[in-house]
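K.L.:
Put together the whole structure using the sequences plus the hints.
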Amino acid sequence: GLRSSALTIGDEATPMFLRACGAAAVGGVAFAGYGAGLGADAWPFYAGVGGFAAHLAWQVETANLNDAANLGRRFRANGHVGPVVLSGIVAGTLMTGVT
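Letter by letter, the sequence shown follows residues 62 to 160 in our numbering.
Hint data in this document are derived by calculation from the structure and do not stem from the laboratory.
Virtual Cβ for every residue (Gly too), placed ideally from N, Cα, C.
A portion of the hints provided could be inaccurate.
What the hints assert, rightly or not - Cβ-Cβ distance ranges computed for the label pairs, FRET-style:
#: 1; residue 1: Asn131; residue 2: Val159; range: 36 to 44 Å
#: 2; residue 1: Pro144; residue 2: Glu122; range: 20 to 28 Å
#: 3; residue 1: Val151; residue 2: Asp128; range: 35 to 43 Å
P.N.:
As structure tokens, this is what we get:
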């Protein structure tokens, strides 16, 4: 969790570390879609990736590492990310005919 990251790398470095991890995750998902044939015409996929990026940015920028309830809300909100990305994958695939 976020608090365990803060304990490991320190409170000051945690936000930057989480931003880097988020950028790597978003980049990895986008690269995987591109590698699977979802090019520029598969815009719903990239919209889903954008939603994923926005969610991660919201989490990192509004997290209060000293408030368990705040962190819990952010953790539970992760359940919305999978359906957003999956919807983008499905819609992008249907639009492009990638098999």
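K.L.:
Determine for every hint whether it applies to the structure shown.
P.N.:
Each hint tested on the structure:
no.	hint	result
1	Asn131 x Val159: 36 to 44 Å	40 Å, holds
2	Pro144 x Glu122: 20 to 28 Å	22 Å, holds
3	Val151 x Asp128: 35 to 43 Å	36 Å, holds
Checked against the numbered hints given earlier, this structure breaks none of them.
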